[in-house]
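There are 4 protein chains.
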Amino acid sequence: MTKVIKNGTIVTADLTYKADVLIDSGKIIEIGPNLKGDEEIDATGCYVMPGGIDPHTHLEMPFMGTYSSDDFESGTRAALAGGTTMVVDFALPAPGEGLLEALKRWDNKSTRAHCDYSFHMAITWWSEQVFNEMKQVTERGINTFKHFMAYKGALMVNDDELYSSFKRCAELGAIPLVHAENGDVVAELSAKLLADGNNGPEGHAYSRPPQVEGEATNRAIMIADMAGVPLYVVHTSCEESHEAIRRAKMQGKRVWGEPLIQHLTLDESEYFDKDWDHAARRVMSPPFRNKQHQDSLWAGLASGSLSVVATDHCAFSTEQKRYGVGDFTKIPNGTGGLEDRMPMLWTYGVETGRITMNEFVAVTSTNIAKILNVYPKKGAVLVGADADLVVWDPEATKTISAETQQSAIDYNVFEGKEVKGLPRYTLSRGVVAWADGKIQTPEGHGEFVARDPGMPVTKALSTWKELTAPRPVERSGIPATGV
Amino acid sequence: MTKVIKNGTIVTADLTYKADVLIDSGKIIEIGPNLKGDEEIDATGCYVMPGGIDPHTHLEMPFMGTYSSDDFESGTRAALAGGTTMVVDFALPAPGEGLLEALKRWDNKSTRAHCDYSFHMAITWWSEQVFNEMKQVTERGINTFKHFMAYKGALMVNDDELYSSFKRCAELGAIPLVHAENGDVVAELSAKLLADGNNGPEGHAYSRPPQVEGEATNRAIMIADMAGVPLYVVHTSCEESHEAIRRAKMQGKRVWGEPLIQHLTLDESEYFDKDWDHAARRVMSPPFRNKQHQDSLWAGLASGSLSVVATDHCAFSTEQKRYGVGDFTKIPNGTGGLEDRMPMLWTYGVETGRITMNEFVAVTSTNIAKILNVYPKKGAVLVGADADLVVWDPEATKTISAETQQSAIDYNVFEGKEVKGLPRYTLSRGVVAWADGKIQTPEGHGEFVARDPGMPVTKALSTWKELTAPRPVERSGIPATGV
Amino acid sequence: MTKVIKNGTIVTADLTYKADVLIDSGKIIEIGPNLKGDEEIDATGCYVMPGGIDPHTHLEMPFMGTYSSDDFESGTRAALAGGTTMVVDFALPAPGEGLLEALKRWDNKSTRAHCDYSFHMAITWWSEQVFNEMKQVTERGINTFKHFMAYKGALMVNDDELYSSFKRCAELGAIPLVHAENGDVVAELSAKLLADGNNGPEGHAYSRPPQVEGEATNRAIMIADMAGVPLYVVHTSCEESHEAIRRAKMQGKRVWGEPLIQHLTLDESEYFDKDWDHAARRVMSPPFRNKQHQDSLWAGLASGSLSVVATDHCAFSTEQKRYGVGDFTKIPNGTGGLEDRMPMLWTYGVETGRITMNEFVAVTSTNIAKILNVYPKKGAVLVGADADLVVWDPEATKTISAETQQSAIDYNVFEGKEVKGLPRYTLSRGVVAWADGKIQTPEGHGEFVARDPGMPVTKALSTWKELTAPRPVERSGIPATGV
Amino acid sequence: MTKVIKNGTIVTADLTYKADVLIDSGKIIEIGPNLKGDEEIDATGCYVMPGGIDPHTHLEMPFMGTYSSDDFESGTRAALAGGTTMVVDFALPAPGEGLLEALKRWDNKSTRAHCDYSFHMAITWWSEQVFNEMKQVTERGINTFKHFMAYKGALMVNDDELYSSFKRCAELGAIPLVHAENGDVVAELSAKLLADGNNGPEGHAYSRPPQVEGEATNRAIMIADMAGVPLYVVHTSCEESHEAIRRAKMQGKRVWGEPLIQHLTLDESEYFDKDWDHAARRVMSPPFRNKQHQDSLWAGLASGSLSVVATDHCAFSTEQKRYGVGDFTKIPNGTGGLEDRMPMLWTYGVETGRITMNEFVAVTSTNIAKILNVYPKKGAVLVGADADLVVWDPEATKTISAETQQSAIDYNVFEGKEVKGLPRYTLSRGVVAWADGKIQTPEGHGEFVARDPGMPVTKALSTWKELTAPRPVERSGIPATGV
Ligand SMILES: [Zn+2]
Ligand SMILES: [Zn+2]
Ligand SMILES: [Zn+2]
Ligand SMILES: [Zn+2]
Ligand SMILES: [Zn+2]
Ligand SMILES: [Zn+2]
Ligand SMILES: [Zn+2]
Ligand SMILES: [Zn+2]
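Protein sequences appear in the order of chains A, B, C and D. With full-length UniProt numbering, letter number 252 in the first sequence gets 252, and the count goes up by one each step, no holes. With full-length UniProt numbering, letter number 177 in the second sequence gets 177, and the count goes up by one each step, no holes. With full-length UniProt numbering, letter number 233 in the third sequence gets 233, and the count goes up by one each step, no holes. With full-length UniProt numbering, letter number 153 in the fourth sequence gets 153, and the count goes up by one each step, no holes.
Calculated directly from the structure, the hints in this document are not laboratory data. The reader is advised that the hints may include incorrect statements.
Note that the list lumps identical chains together, so a pair holds whenever it fits in one copy or between two copies.
Stated by the list, open to error - Below, in silico cross-link-like pairs of lysine-lysine (DSBU-like), each with a Cα-Cα straight-line distance of 35 Å or less: (1) K3 x K36; (2) K420 x K192; (3) K398 x K377; (4) K465 x K167; (5) K3 x K459; (6) K36 x K377; (7) K192 x K18; (8) K18 x K167; (9) K438 x K6; (10) K27 x K330; (11) K438 x K3; (12) K27 x K3; (13) K152 x K253; (14) K420 x K167; (15) K253 x K274; (16) K465 x K135; (17) K459 x K417; (18) K291 x K465; (19) K109 x K459; (20) K465 x K18; (21) K417 x K253; (22) K104 x K36; (23) K274 x K192; (24) K438 x K253.
It should be emphasised that the depicted structure is a prediction, and the values quoted were computed from it without experimental measurement.
Hey, can you work out the whole structure from these sequences and the hints?
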């Protein structure tokens, strides 16, 4: 049974044109005028775009004996409600745990997903076992490895471990990711703030100033350059980090930066709210920054020095947030955003003219599809591509509110924001998953998306590094001389 | 009668995949496996890419009572021989001449073209007539206006003229281009050099150091920002200019930079050659720079801070160059490059790993097609696009030489360079125009490509500028107060 | 009759130490412990510092048929009341007027000065006469030449005039100064704003955004570099201009920037005041900027990328400001500041820890004395130096108010600011000129300070430029070859 | 018995003027014309400048069971021969060794010094004992603490140790120094190079590219900023590190950079010499860089973004260097330079016009005297200052050669360089220590120079950091709200 999206305007990272889209067996089989199918989806007045890809989520993430509140069921439900059709979550081995073992746990959790998903594998410790299993992980369809430069004593790895893992990525044709904050300094600043009686949620922001993020970004870039591998910097939140990325790019280094929708639209004043809950609910790492940093991030999206807008969706309820009353370091780090990413970005980006519609598609979907090597299966409106599509109504409006959201938690950091531009329909592999304000697919519809290593950028960089590698000086009779 | 390109690998700015390409009536009508057509073109072992677009040529350009030696016939012949299927030339009104009048002259010259072409219109003086005719020019399919900040006393316009013309571009949805060198300073430096006895071709390079280019680029960017319009900087040759572009981009400004293949691969040492002819033949503006500037340009291509590789093809014979014996300011400015741009960029860029194949397509074709608003008619391998294609043999090699070139002149600035990667076939709107080392199409095959104003970037910028425009403070009883 | 300053702490750009200062015949004749003199000045609890030098004033400046309201009498009275013991004013030839003729007018006006003074000579047009008179001007003790890149149709000179004048400065060992704003663009923006009904004082700010200042600074730096001469940029008000200066310095260029006390402490919100008079009184060029720009300027003072704090004192009464009701371009440009510069800088700079006391002396006095080649006659506490001194009471406070100021005008842009740190005594060549809250010297006490060209920096730069000057390639038999 | 330096021109960081200098009991007691003393030193045709201060030496430094070959005797002899009158050496505790214990060892070694000296104390490990002894060390007259970010497994400290020590410096009013290279990455690169058969001296350069220095500099700056303390970066050798320093300064941070005379005048091609000995003798960390880095360093000296020229004098004989045949990591790191620093800088800096004579004095003596808080006892030509002076003959020339040098080793990295500008006399506390090409003072003449903490810059920074410290948000009833 075929399906056709009629009367819409297709908007991709490249193009804007009127055409219908014919779908069969989960794939786009034809694009053109006046197509016919067994079932019609009306896109009159709408844009038909590649479904969003959020490359940065933490669903049902283990934390202090509990879990982040949105799991693969509610999380992907929120995703689809907001036009996102694929999420990439982080498999996090406990220190000492094997990568494949951790992967098994993530495989189990993800069975409930409403939309397609993939995983990044985190490198949280280093050993010969980890080195060996990295290869097996790539064979399992994971070509990205995440590294934490913060969370000292837990997930953090140090510089020689980074180098070793990055080097291994280079061999495997995989791409390393970093959470870039200087964990040593964050720990010292946190201890000092607590000692000084700065224990409220604003202390979290004080303990992670832009400088510590900029420094770690700069360091990771250098290490990646030495290891001969591209680098993807998650949640780039500030000018300092963005500056390090731009500086690297101006030297021809291959680095991508990922601002979050939260950092683009919310600022540090949230932490100074008199209401502890309000502030604590916004606690995430890196914290929100000021307006100057926001301007920097928007400029990055327009100019291409930043590539992807993500959410770092990691939802904790108010109850969970209150673990940190009296000690901000115990407030679980994370906020929601999966449902709001695309409407917020459209409203604050496209409606204002800061970015074009095509750039919107690029930063919400196509760019990351290319980086992750799943383009054009995902991120494209092309014959042969998965029919992960969003029918976007640019005139639809709503006021964001926790009361009406999909997420399992009891608040929303964008509460009260008016957005213009919303999905009318979201399709996951050809199935209408979001329509009439409701999720239409059962849990478990989502499938794992395998991703091969060896992207063109990775290969080109290896060629260049080989060409310019250090060569020994030829000498005879060493040493050869007197004074 | 249909034509099919068989057994090749399609390489676009986005994608690399095996597929055949079916062509009818000058357009791509199908892309897929195992296609059949009336005529077969064998692409075994080859890449099938969008034909190159060179947005910067001067064919049969009037100069000191004569003309640049390559006209639309020999110039487009050279283009096709090198895989380029479209050129954009500059219509240059004499001071006082109307735009439409100048256009007529270019229309006449271009009737001999072997491949498709379009025009940029130059604004070489300012008046109400020029203001008015700019609109008519856009209606004639020209959405780009060129401005010379150098060539004082001839083509140069000053800052208020730039502002007025840029403002007019903003109204029309057109994009201004600049030749960015400070003409006043070039004139002063030239006079001083001649007075000091520095009259050889190296004096040309001394008279146009990177600083004067960087300054003018920076100035044009500011003026475009004030006028609320994007900017395209032609022949970005140096770090100073590239830096100004990067700085603009980091503030969210819409600016593109265009390095030339000459600046990417040749350096200033050419001007110090003991042979006057050798040096004079390399005289162009801006002049070749040193290796550090080359590294900067390559990094710009890899990182996206520079967008397009062009040639500024403007060929003068040795005889013409010798007009400047004893006075470098009389050496006609310009070099060839149309036939060599793509093989040189492939050899020094793709083969070395500095850029990927997809980036090669982007910077030789797709990016400029988008900027000029002719994508996907040009610059794409998509159903419905013009079949301007190149079948690229990555294993083919040759040594560049004037003896075997298409260009009408008697030397080649790349003489002796070994290139690897050459067109096996070049197709212009479905016609095989280059095969077996020979041009197959008659002159006059080329058609004018009309380009509409109002690109998405132009519109988005206007929206943002309107949103952030100065607003008057509301006051009553002005003035209202004492001390 | 000798005078001794007892019990104070000497603070110079270099040093902080307890010592007395013995003065005779207008000069410091001894520095040390327990000195004795005919007259004692008590400096207990105070710092004894070099008197301030304000290198940027416009006293009794002709304007639209009237004059700026503070003349050399009231202006230098204000200076002394604020600890400043020397001012440098600008001699402004009308277009077509000879330099020496203009100088005569300034000589006349300055006879009423209470403190020492010198002149910069403005180059407001270009001719052989100007070229020739520049030499005579230097022989008259003026080694600095000012150039306006704004005020189109009045004072503005264009790029080839800048180059010619800068080149002449290089020959004479003099230093060019620039008022850096793009006058063409300011004129265009002003016209557009007025046409759009933006005629209030805020329109002045809108018409001169940081970009137009940054651009002109960048351009002047390039031209100075080409001419082989250092450059002094007056009233550096923004990050854009400061960035251009830093970028030049990072290439070894000799450039100084001069922020004004107004730009360091007041911001653009002043122009949005509902009271027209309030806003109009703050109209000056460049206009006040936002807080980010202020941070940039303060960082420049601390790091040394900016060198001097001045005032651009050019006072117009409210009545004069009202010439511009209904048309901001008619509001006379200028504010006061002579009396407030040092207390404001101490309060916002030294008291906060942004700069040290020694840096305070450097930026208010010593640096400019060196740049202007009057060090150590001025700007020093050294034996042999002029006894231009301020006895600074760091505990004294006041609230700035027009009611108690020396300036002739009826308001003060710093009205209501609390300052801590004030002169107890100000000495001009050994004469106590300010004490007990009153001026003690008669008008006419001030003398012209002659300044020789040929500073060490100027000489070093000439040496380097000569060493690296373009050299012709030696060739025989030109042209020498075939293909 | 008094001594007078007659007929010279005094050159300081500020001033150039003709005057005689009268000396008694090791101090300057008068400066002026026509002075008389018991003994006359003829300075006709010469400049009389503050003696040089080299803040970076390693004399008799323990290494692999042996010691660097120049001890305090030969090292200070070389210093005086080159116009340097004070050295600052590094006391290096072994891991686990107390600071005071280490100091004792350095006290012992230094008894043989010919000129005055002081120490920096290195923090090579961290503990409560170290924390406590830092205070005692400052009481012993040492206000600077050195930290190694490289030499993993030996001297290197990690980020939290850096933070703790920097924080301690802030409390004590002391200044931290860093050797900035990423030790983890250097170790990894070294291992890889050796594994790849890159074992020659050029491997040393390959293992420490500019990136690893730039990264560490950037990191140290961030940590110092967080700890609220200024930072001094030793041996700044490259643009990457200089860029990090400039970027910090542009944000108002207090950071100084110290290029070495070697990096200013020698380049990486030395390591590619076919003679193993030649290359190995140049092995130091950081290694020599290319010409672009040299240009960056020179621009830093001219513009003030770099502050001090030092040597890192650490001399190893060819025999010692040969420990590393077959394994570059075993080549002792270090070169000489004490005798050559000032003549080389004069020749390549002052003679060329890159810096002025006054800037020469600033970067060889006065700036570091201020930073180290020994100004004006050292680094000045002022009454009351130590008579550490050099009578500099700008016309004297020589060819640098190991055969005629003071240093104990058998080669000189500047071998064959022609220098113009040499000390005629060097005076240490009024004693003629170098004259007629020979050392005149006995060993042991040198005295320890105590240096107090609490410099003005340190205090100002603390004030600012306190003013802008994080403040808790006042909240009642925490948590306070529902959704
Ligand atoms: Zn994270
Ligand atoms: Zn995360
Ligand atoms: Zn051009
Ligand atoms: Zn051109
Ligand atoms: Zn001005
Ligand atoms: Zn002024
Ligand atoms: Zn070191
Ligand atoms: Zn050292």
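Taking 35 Å as the upper bound on the Cα-Cα distance, should K3 and K459 be classified as within, between, both, or neither? Between. Shortest inter-copy distance 34 Å satisfies the 35 Å Cα cut-off; intra-copy 39 Å does not.
Copy assignment of K253 with K274, given that the CA separation must stay at most 35 Å: between (44 Å within a copy, 32 Å between copies)
Given a CA cutoff of 35 Å, do K291 and K465 count as a within-copy pair, a between-copy pair, both, or neither? Between. Shortest inter-copy distance 18 Å satisfies the 35 Å Cα cut-off; intra-copy 39 Å does not.
Since the copies are identical, ignore which copy is meant and state whether K420 and K192 lie within 35 Å (CA to CA) inside a copy, between copies, both or neither. Result: close only across copies, 33 Å inter versus 44 Å intra.
Same-copy or cross-copy closeness of K27 to K3 [CA-CA at most 35 Å]: Result: close both inside a copy and across copies, 10 Å intra and 28 Å inter.
Between copies, within a copy, both or neither: which fits K109 and K459 at Cα up to 35 Å? within (34 Å within a copy, 45 Å between copies)
Between copies, within a copy, both or neither: which fits K274 and K192 at Cα up to 35 Å? within (22 Å within a copy, 45 Å between copies)
Up to 35 Å between alpha-carbons, please classify K438 paired with K3: within, between, both or neither. within (19 Å within a copy, 49 Å between copies)
Can you give me the call for K465 and K135, within, between, both or neither, at a CA distance of at most 35 Å? within (21 Å within a copy, 48 Å between copies)
Is it within, between, both or neither when you check K420 against K167 at 35 Å Cα-Cα? So K420 and K167 pass the 35 Å test across copies only (31 Å; inside, 45 Å).
Reference check for the pair K192 and K18, CA-CA at most 35 Å: within, between, both, or neither? neither (59 Å within a copy, 39 Å between copies)
Under a CA distance limit of 35 Å, which applies to K465 and K18: within one copy, between copies, both, or neither? Classified as between; 28 Å across copies, 44 Å inside a copy.
Consistency with the previously given hints fails for numbers 7, 10, 22 and 24, ordered from lowest to highest.
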